[in-house]
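Engineer: Residue-level listing of the chains:
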Amino acid sequence: MLTKTQVTGEVVTVYLKGELDHHTARRMREAIDAAVELNMPSLLVLDFSEVGFMDSSGIGLVMGRYRILSKTGAQLHIQGLSPAIYKIMRLAGMERLATLQSKA
Amino acid sequence: MEIINKFQLTILSRSANEGFARSTVAAFASQLDPTLEEISDIKTAVSEAVTNCIVHGYQNEFGKIYISGEITSSGELRVKIRDKGCGIENIEKAMEPLFTTVGGERAGLGFAVMESFTDRIKVRSTVGKGTTVLLVKRIKPRFGSKNG
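For the protein sequence lines, the chains are F and V, in the order given. Its first residue numbered 1, the first sequence is counted upward by one per residue in my numbering. Its first residue numbered 1, the second sequence is counted upward by one per residue in my numbering.
A portion of the hints provided could be inaccurate.
[Said to hold, decoys possible] With a cut-off of at most 27 Å between alpha-carbon atoms, the simulated DSS-like pairs for lysine-lysine come out as follows: (1) V/K64 x V/K93; (2) V/K122 x V/K6; (3) V/K93 x V/K140; (4) V/K64 x F/K87; (5) V/K6 x V/K84; (6) V/K84 x F/K87; (7) F/K87 x V/K93; (8) F/K4 x F/K87; (9) V/K140 x F/K87; (10) F/K71 x F/K4.
[Said to hold, decoys possible] Simulated restraints on C-beta separations: (11) F/K4 x V/V102: 38 to 44 Å; (12) F/L43 x V/V102: 27 to 33 Å; (13) V/E2 x F/E30: 33 to 39 Å; (14) F/S70 x V/R120: 36 to 42 Å; (15) F/R90 x V/V102: 22 to 28 Å; (16) F/E95 x V/M1: 47 to 53 Å; (17) F/S102 x V/S74: 42 to 48 Å; (18) F/T8 x V/S116: 23 to 29 Å; (19) V/E2 x F/S102: 37 to 43 Å; (20) F/N39 x V/E96: 34 to 40 Å; (21) F/L43 x V/F99: 27 to 33 Å; (22) F/E50 x V/G128: 30 to 36 Å.
Simulated from the structure, these hints should not be mistaken for lab results. Since the model is a prediction, treat every value here as computed from it, not as a measurement. In this text, a Cβ means the ideal position worked out from N, Cα and C, and glycines have one as well.
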């Protein structure tokens, strides 16, 4: 399993696991979209604590989810970012689309 | 500048090989005693270049991706990633951040990430013949490191 979903009220948290690249992005994307469609959250939290690697495929994934959420005015929060993943998120300007939080 | 070690690797342009390619290059680079950050930078840049071969170079076909690496006596890692795919018509345009020809959920940041995570990148391409990307990363010598 590359993802695990938790629903608390209007908040959907999806825990991603493994390496996020062009090969794995599709399955992660489908799981997130299914959870969003089913629960229609006002806040989607993507947890990267167990993502060991991410390239720009992860940026495409975040941008795509932001587009979907913005149709209903829902917010996006990204947490558990390792220094390497945080670096790519910042390079791509993702802090303009979502709140970013590093790994504790 | 002397080349002290090199490798060659040929893989099929299947997305399942993206992880294999970046991990192999990272393992080769580990001889230079890089920091975790430097290893992560190398893996990310290689992943972008290999994904470009798969997504853009060969598109819906399978072809071979040729990866070669060299370590120099000055502590430089040079990785060449080549495909024999469709080639790039306008390299300057292709290297612009957010530019992408495939749509979907590609962010168009591949070259921007490669540039940002290495010290130098060079792209050579001929339409209909393929593309070669050279990634150069200098690994800073650390106290007690053995680059030999």
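Engineer: Would you mind marking each hint as holding or not holding in the structure?
Structural biologist: Hints and how they fare:
no., hint, verdict
1, V/K64 x V/K93, "25 Å, holds"
2, V/K122 x V/K6, "19 Å, holds"
3, V/K93 x V/K140, "32 Å, violated"
4, V/K64 x F/K87, "31 Å, violated"
5, V/K6 x V/K84, "22 Å, holds"
6, V/K84 x F/K87, "32 Å, violated"
7, F/K87 x V/K93, "24 Å, holds"
8, F/K4 x F/K87, "24 Å, holds"
9, V/K140 x F/K87, "20 Å, holds"
10, F/K71 x F/K4, "24 Å, holds"
11, F/K4 x V/V102: 38 to 44 Å, "30 Å, violated"
12, F/L43 x V/V102: 27 to 33 Å, "31 Å, holds"
13, V/E2 x F/E30: 33 to 39 Å, "49 Å, violated"
14, F/S70 x V/R120: 36 to 42 Å, "38 Å, holds"
15, F/R90 x V/V102: 22 to 28 Å, "24 Å, holds"
16, F/E95 x V/M1: 47 to 53 Å, "40 Å, violated"
17, F/S102 x V/S74: 42 to 48 Å, "34 Å, violated"
18, F/T8 x V/S116: 23 to 29 Å, "37 Å, violated"
19, V/E2 x F/S102: 37 to 43 Å, "41 Å, holds"
20, F/N39 x V/E96: 34 to 40 Å, "37 Å, holds"
21, F/L43 x V/F99: 27 to 33 Å, "32 Å, holds"
22, F/E50 x V/G128: 30 to 36 Å, "43 Å, violated"
Of the hints listed earlier, those the structure fails to meet are numbers 3, 4, 6, 11, 13, 16, 17, 18 and 22, in rising order.
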